[in-house]
Amino acid sequence: MSLRDQLRVIVVDDMSTSRGLITQALDGFGVRQVESAADGQTALSKIASWPVHLVISDMNMPGMNGLQLLHALRNAPQTRKVGFLLITGKVEKPIIETGKKLGMNNFLPKPFQPDDLRKAIEAIVGRL
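In this note's numbering, the protein residues as written are 1 to 128.
These are computed hints drawn from the structure, not numbers from a lab. The model shown is predicted, which means the values in this text are computed figures rather than measured ones. Do not take every clue at face value.
Claimed, not checked - Label pairs and their in silico Cβ distance ranges: (1) R32 x D116: 18 to 28 Å; (2) D5 x K93: 32 to 42 Å; (3) K101 x R32: 29 to 39 Å; (4) R32 x D115: 18 to 28 Å; (5) E92 x M1: 37 to 47 Å; (6) E92 x D116: 17 to 27 Å; (7) E122 x K100: 10 to 20 Å.
What the hints assert, rightly or not - Simulated crosslink set (DSS-like; lysine-lysine; CA at most 25 Å straight-line): (8) K81 x K46; (9) K100 x K119; (10) K93 x K46; (11) K101 x K90; (12) K90 x K100; (13) K119 x K93; (14) K81 x K101; (15) K110 x K93.
Just so you know, even glycine gets a beta-carbon here, dropped at the ideal spot from N, CA and C.
All chains should be modelled from the sequences, with the hints used to inform the complete structure.
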């Protein structure tokens, strides 16, 4: 069984279009175990009942942004080691530095191509 068959991913983004594009790209890579959430709080609830290997999260979301979600994941024993890919339209040094301090595994600037997404994911989990 290959990595892409076992990999469990949650896509967190308040924009349904963005969630759809990422989910479609994952499907194109052969990653089938994918959940999605429109915000960080919903993502945390889903992860509690459906543990994941990788979180792909947007930065700017209402209620809980991507870095706050990352902080929550890193502070819970059951999600401390989950892979985290931050997707952001604003690649600003403070965001990236804070993300790295919190334990972000990788980031991807918007807009991106599916191949960019694949490379960013593979840098975290290995070859799909």
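We went through each hint and held it up to the structure:
Evaluation of the 18 to 28 Å hint for R32 and D116 yields a pass: the beta carbon distance comes to about 21 Å. Between D5 and K93 the Cβ separation comes to about 38 Å, which falls inside the hinted range of 32 to 42 Å. Between K101 and R32 the C-beta distance comes to about 33 Å, which sits within the given range of 29 to 39 Å. Separated by about 19 Å at the C-beta atoms, R32 and D115 satisfy the suggested range of 18 to 28 Å.
Separation of E92 from M1 is about 40 Å and conforms to the stated range, judged on CB atoms against 37 to 47 Å. Between E92 and D116 the beta carbon distance is about 19 Å. The supplied range of 17 to 27 Å therefore holds. The supplied range of 10 to 20 Å is met by E122 and K100, whose beta-carbon atoms lie about 19 Å from each other. With a C-alpha separation of about 17 Å, the suggested pair K81 and K46 falls inside the 25 Å cut-off, and the hint holds.
Proposed proximity of K100 and K119 is supported: the alpha carbons are some 18 Å apart, at most 25 Å. In summary, the hint linking K93 to K46 is not supported, as the alpha carbons are separated by about 30 Å, beyond the 25 Å threshold. Annotation: proposed proximity of K101 to K90 holds, straight-line Cα distance about 18 Å (limit 25 Å). Under the criterion of a C-alpha separation no larger than 25 Å, the hint pairing K90 with K100 is consistent with the structure, at around 15 Å.
Annotation: proposed proximity of K119 to K93 holds, straight-line Cα distance about 21 Å (limit 25 Å). For the given pair, K81 sits about 14 Å from K101 by alpha-carbon distance, which is consistent with the 25 Å threshold. Between K110 and K93, the direct Cα distance comes to roughly 15 Å. Compliance with the 25 Å bound is thereby established for this hinted pair.
The structure shown violates just one earlier hint, number 10.
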